[in-house]
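Colleague: Please model the complete structure; the sequences and the hints are all you need to start from.
Residue numbers (the working numbering), protein chains in the order written: chain A, 1 to 725; chain B, 1 to 725.
Simulated from the structure, these hints should not be mistaken for laboratory data. None of these values were measured; they are calculated from a predicted model. Any given hint could turn out to be false.
If several chains are the same, the list does not tell them apart, and a pair holds so long as it fits within one copy or across any two.
[To be verified] Pairs of lysine-lysine, DSSO-like flavour, derived with a Cα cap of 30 Å:
(1) K46 with K310
(2) K326 with K234
(3) K38 with K439
(4) K625 with K46
(5) K310 with K485
(6) K326 with K310
(7) K606 with K625
(8) K326 with K606
(9) K451 with K310
(10) K487 with K606
(11) K157 with K234
(12) K709 with K540
(13) K485 with K259
(14) K606 with K330
Number of protein chains: 2
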Amino acid sequence: MSTMRRRVLALSLSLSMLGAAQADEGMWMPSQLPDIAKQLKAAGFKGRPRDLAELARPPMNAVVKVGGASGAFVSGDGLVLTNHHVAFGVIQYNSKPERDLIRDGYIAADRSAELPANPDYRVLVTTGFDRITDRILADAKGKQGRGYYDAVDSATKAAVAECEREPGYRCSVANMYYGTDFYLVRQLELRDVRLVYAPPNDIGNYGGEVDNFVWPRHAGDFTLLRAYVGKDGKPADYSPDNVPYTPPAHLQVSTRNVKEGDFAMLAGYPGVTFRHRMASEFANQIQWQLPSRVALYQGMIDTIESAGAKDEAARVSYAAQVRSFKNTLKRAQGELDGLRRSDAVRVRRDDEAAMLAWLEQQRDAAAIKADIASAQAVLDQGMATRERDQLIAAITAQTQLLRSAITVQRLAHERGKPDAQREAGYQQRDEVLITGQLKQAQRRYAPAVEKALLAHLLAQYQALPAAQHVAEFDTVFGTTPVQLKAKLDAMYAGTKLGDEALRLSAMQADAATLATSNDALLQAAASLLPAILRMEDESKASAGELLRLRPAYMKALIAFRESQGRAVYPDANSTLRVSYGRISAMDPRDGVHYQPLTTVQGIVEKHTGEEPFNAPRPLLDAIAKGDFGSTAEPSLGNSSRGAQTVDFLTNLDTTGGNSGSPVLDAQGKLIALNFDSNWEAVSASWMFDPRYKRAIHVDMRYMRWLMAKVYPAPHLLKEMNLPAE
Amino acid sequence: MSTMRRRVLALSLSLSMLGAAQADEGMWMPSQLPDIAKQLKAAGFKGRPRDLAELARPPMNAVVKVGGASGAFVSGDGLVLTNHHVAFGVIQYNSKPERDLIRDGYIAADRSAELPANPDYRVLVTTGFDRITDRILADAKGKQGRGYYDAVDSATKAAVAECEREPGYRCSVANMYYGTDFYLVRQLELRDVRLVYAPPNDIGNYGGEVDNFVWPRHAGDFTLLRAYVGKDGKPADYSPDNVPYTPPAHLQVSTRNVKEGDFAMLAGYPGVTFRHRMASEFANQIQWQLPSRVALYQGMIDTIESAGAKDEAARVSYAAQVRSFKNTLKRAQGELDGLRRSDAVRVRRDDEAAMLAWLEQQRDAAAIKADIASAQAVLDQGMATRERDQLIAAITAQTQLLRSAITVQRLAHERGKPDAQREAGYQQRDEVLITGQLKQAQRRYAPAVEKALLAHLLAQYQALPAAQHVAEFDTVFGTTPVQLKAKLDAMYAGTKLGDEALRLSAMQADAATLATSNDALLQAAASLLPAILRMEDESKASAGELLRLRPAYMKALIAFRESQGRAVYPDANSTLRVSYGRISAMDPRDGVHYQPLTTVQGIVEKHTGEEPFNAPRPLLDAIAKGDFGSTAEPSLGNSSRGAQTVDFLTNLDTTGGNSGSPVLDAQGKLIALNFDSNWEAVSASWMFDPRYKRAIHVDMRYMRWLMAKVYPAPHLLKEMNLPAE
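Modeller: As structure tokens, this is what we get:
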């Protein structure tokens, strides 16, 4: 390693020397917060930033991962607050025709009435977060490509296995700054979770899909769960004998008013962002990936709708897939619009150019630049087949019968290895899931539609330049539209995989038996499999190379930012992060101003009496009564009583996974629960644009009012140390 | 006439005694403005209110009726400013494939390049407005029902004929306060109108249907025309020898800045409002008329779409009708939503109850109340058959072939009378239009769809209670679904009216010849005609009774309002009116605030490159350049140059027909041109709700900037006495 590279690496570890960070952008590791103490204080935080860095201290030890998203302990008896939509599976699991908890909501009158969650539902408390970069990279050093990838993978698996030797813990390795650093994350896994309080769906999900991503918003998207443990205080499966878990700390719900401009911070588990990707990746995303995704999904939607136009049964079979395609398309278009609005290609390109120019002035820049150039070459290589890769992914993932045939062949192939060495997704424990998928294919399939979809996608594949072609695909599907039609007709006339029982029995067959099958689709899948495996290998080799090479880029970026007096947070990766900012209005477009707080008046305005705007009668009555007590915001509304707020908007930095994140005030009190972003912020996974990035929260005063006046639960208010009204 | 009634009538004529009127609501006759001088002054008007009352003085004599809407003279040489959409027919008339003025806009380089409008296009200058109530009602006194109606009708026709004896004038009688007063309106009719300056459609109609009724808005909806007269100064048909008309006055476009809160007033020709209808009519409109209109149109749309689902040609034939149905439905739903939001049933009911309670305290209330009760009885009688009347109107108006057959029979029937006594719409001068309709039926018709539509509507008719049935309809269509199907099948199998030539020859036939026709649809129409004529008679008799009786209600309302210190403007009836108010923001719903001025930034934000958001390149370039000169609003935008405004919002009281109305500032200078309302105000034809009623205007600074910097016309700026940049 050259001097320069060592120097850059050293810089990356000395964030504490940094000055002012960019305002409000940032999903900080708690351990970084002391490094940006000055900015945190300047923004209005009244606590000690270094307390926030300690996972074992309040408030961080009160923040949990729940149902794949975020939440927090809000009482000393293991009460967990998260979103209604995060706990939705638990509510659904406990609903029956004669007791519809989705529709009616639920209030457990006492602990004995708290209802067990589905057995796979988890509350995870992060108890350890240790840097193990040297251990993870020890074997990888000197390797390249697939070798580098496999070395990191093995070291990761070993570290996880060792960590999980202690029962009751789930462990994982988090990759920070794209292979620069690795952390071992250790989480206490609470397996007995129970439903305590849920509002009716028409409150928790008020506005439904129509209001999804929309501001102004009026949802009471919260639910209270409780974590239980065995009598020994250790994680346990559900048992009536279990006792409430005593968390090391819990958050106190605030009883103060909050208003525009107030400091706010949030902790949670954001899923994935791409903010530090290279300029060429930004350009590819905006100039090719998103537009071509829009075109791909539009084409698939049109094809399915046209093929199913005269067949009601086919239309029903594909309804869910089409709906999902439309969501994907809408989201891609929103992301594209947002990134264009933010001029993201130019902004990132200029920023990278400035970094490279700065790097030029540093000693020993050549080695760094060589690594960056090598990373760029790997990316370029991937982009050379991007059209093909997109089409083949759609062909193999968005069909039902062809996908089933490939899955059956792949499973047989993997079964030839020891279970631990099988590809993820094809291990013994995955077979239940695969069986489910094969069964489900039945309800989602019509031969004419699948053939039309394949014809549509493969016609595009056939039109690609020769360099993007794959021999096995050419053989199986032909190289002209005429051949394609004949091949597809023969394939679907010659398969019995449309029969569910046959699919399931094929799944049990070994590779040798399958090889003798005369089923045309199974034969086609067998011919395609080597190509699929080969492309997967190539993809892992590229991933390995990028894992090896990207740290040069990241370290240069971190050092460059340091020269600008700015800290760098790692891109989101489902680990615990903190962001801070304030309650913020928004001007989404010329002539329109969004107020940062909504009131119950908006519930009445939106109410139509039909889903998703069917406010329950008790809520409408309580609003009409106007008895808001201690939960009213005095600065809003026309009456001297003030107005009852519902949701509010902050400029906090969030992404998917931050659902249920607790929002804290300057004193660390819980003022809201994060549950969504605005539509204009859909592009924030790539670029944080302070003009448009907002997060949407349920105001805790709305929760308190509902629990005090509308669907009363005085015992829970008391448990949370909150006033009864 | 009782003493009380005379007293109330006297009060109605003494509006000058009134105190404060309700703020901002009101479409005032210019003659009323001195009566509300105090409020006008208090609102910020700096001129003399009594000057506004004079039609022969500025500014009123500069306000014109143009192309059915409103406009104003803006130079001493007859330059008329109105909306792009009001002048659209003129632009279209002058467009050719090789010279697309709709797409490209138009700038006449000099007067010789000004392009003649379509020959029926008119600019009308109101020169007389005289109360002739006594003359109109002289013969009607003592009569009732149809007799009253015919007496008013004859007196009206006589007054118009006498007034129009002077060439160059068009006259009409305006009914104010529902039969309380009648005015003879005399208008100079300028018949040679020419196109001078039009922006490209992508500016004039930026946002198109998508932005229709929408705020924030970004359309440059203006066009300049010029009125010409003969060399003798009198109105004349187009001739190259004509000379520009010299108006008695013109408005000066303002060069000052305008901002939120500034005084604004507007003059124009609002079409029709229903604000002073009785409480029962409000209840009927909101509780029955609008919901049932929504259901009726939704049913017709569904029927046509379903019947045409498998027939592409039928779908094309009905596309325009379905689009128009969808517009009607959307508007009805918007009106319904708005009236519910404003709680209009309750508000009007409480207001009327208060009026009646007040009336109780007056001397001689009995006679007034008797008339009001009689009016209510007439309304009740009409409502008793409202379902039937709605269905029969749809059956006879929304079909193509059946309607053609009825039209042919009706025309033959009317031809039996002297031309002057024929029903309006069936006179000799109407036959060109009828021929056109009969030809058009060809392109808008498919037998299966028309039969399905009739089956759908008549099934509802058949299900009505007996009291609503009409013998002739029962005979022709049967009284059960089975009979209906058989009758419709026979009718459409036995008609040749699908043949255009046959329709046109049938139109020429006299009643005797038609009576011998064995065409099934013509026979059906002949059977239905007596019922249609009878219902029409009944309707005119009701109209006559209401004309006789409503004045009692209106006079009571006016007197009641006087007791509250408020003046009453008559409901709109396409006569010249004035409203005043201010530039106003709006809070359309919880959490959303609309700024009252938009800027060119919004054009860039909305630009997609595709209609209706395809801003022309010169406009985008000029915006990017940011050279806004004297037309920038210094208080807006981020730059020190300020921002270029586009449109603005006022709380002025407007309705359809106010398109092109000049908007004046406190000094009477022209600051904007009205062109639309916001969606929330769609219900304002029934109720003015100050929270939601806004009018949308083109800021004259945007027009000036376009004419100075984007599509320059320095000669026109000079003519309007405006700076060159």
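Colleague: Which hint numbers does the structure go against, in order from smallest to largest?
Modeller: 1, 2, 3, 4, 10, 12 and 13
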